[in-house]
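**Student:** Heads up: the sequence shown begins at 0 in numbering that gives the first Met the number 0, then just goes up one per residue.
Read the hints as simulated data drawn from the structure, not as lab findings.
Some hints could be false.
Per label pair, the in silico range of CB-to-CB distance [said to hold, decoys possible]:
(1) Q96 x K27: 36 to 46 Å
(2) Q204 x A93: 39 to 49 Å
(3) Q96 x Q204: 21 to 31 Å
(4) E21 x S192: 40 to 50 Å
(5) H143 x E97: 39 to 49 Å
(6) K27 x E132: 32 to 42 Å
(7) N207 x N83: 22 to 32 Å
(8) E21 x L110: 32 to 42 Å
(9) Q96 x K222: 18 to 28 Å
(10) K27 x S153: 38 to 48 Å
(11) I209 x N83: 32 to 42 Å
(12) D109 x T210: 19 to 29 Å
Every residue gets a Cβ at the ideal spot worked out from N, C-alpha and C, and that includes glycine.
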Amino acid sequence: MKKIKRQPKITRNFQTKNLTKEQFFKLKSTKVLTAGTGRIAAKTLVNLTNSGVGTIGIIENEKAELILSEIEKYNYNALIKIHNEPLNSINADAIIQEYDLIVDCLPNYDLKFRLNELAVKYNKPLIYSNVTENYVQIAMIIPHTTACLNCMYSPEDLANHIYSPQTAILSNAASAILADIATDFILGKGHYSPDKMISYFHPTQKFNQITLTKNENCPICAKIKASL
């Protein structure tokens, strides 16, 4: 794992200007792990760095060095940690338990469902984000409180919605939207309910909030809760 401690630069933390002193110092002690290094991850990392989050982890880091060259323009003095390995059952204990919250910026559903299972297992809030050809989605998953990804969908439901190059035109703008909402979740800004998914449907250019219902028979969160 590579750690980068940057020297203070010009502060651009405009997102923290309305925070109280207590909120600001809480943010400095917050540790956020981003999984994935695509457009959503890049914009989210810039936002987190710019907002004053104290520790930021990057995993699945095929493009991590490129992202670092961008976020260092905004960093006030955050600790950036690059985990040079994909998240799996062997390293999950050491990596996930170190962080307070996880942001899912992964490009495929096999990884998303695996990350969801790990987040529930280790009781870590997870921000799920997704871009498809016609819509974008984002939701805050709080283990044992809200619906998890397996409560919302089965892998079969999403078999036809894998990210593809055809979504690139939409995803440039959609990724920025998702990253901004994810940052608001982390900063506690906005009026977002944890039992709702925010969805943007591109053909109509409209936002909707979809109520999510926990599946009491969920093979992930119900099974893990029963074993605790």
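**Student:** Now tell me if each hint is right for this structure.
**Tutor:** Hints versus structure:
{"no.": "1", "hint": "Q96 x K27: 36 to 46 Å", "verdict": "violated, 20 Å"}
{"no.": "2", "hint": "Q204 x A93: 39 to 49 Å", "verdict": "holds, 43 Å"}
{"no.": "3", "hint": "Q96 x Q204: 21 to 31 Å", "verdict": "violated, 41 Å"}
{"no.": "4", "hint": "E21 x S192: 40 to 50 Å", "verdict": "violated, 24 Å"}
{"no.": "5", "hint": "H143 x E97: 39 to 49 Å", "verdict": "violated, 20 Å"}
{"no.": "6", "hint": "K27 x E132: 32 to 42 Å", "verdict": "holds, 39 Å"}
{"no.": "7", "hint": "N207 x N83: 22 to 32 Å", "verdict": "violated, 39 Å"}
{"no.": "8", "hint": "E21 x L110: 32 to 42 Å", "verdict": "holds, 36 Å"}
{"no.": "9", "hint": "Q96 x K222: 18 to 28 Å", "verdict": "holds, 20 Å"}
{"no.": "10", "hint": "K27 x S153: 38 to 48 Å", "verdict": "holds, 40 Å"}
{"no.": "11", "hint": "I209 x N83: 32 to 42 Å", "verdict": "holds, 37 Å"}
{"no.": "12", "hint": "D109 x T210: 19 to 29 Å", "verdict": "holds, 27 Å"}
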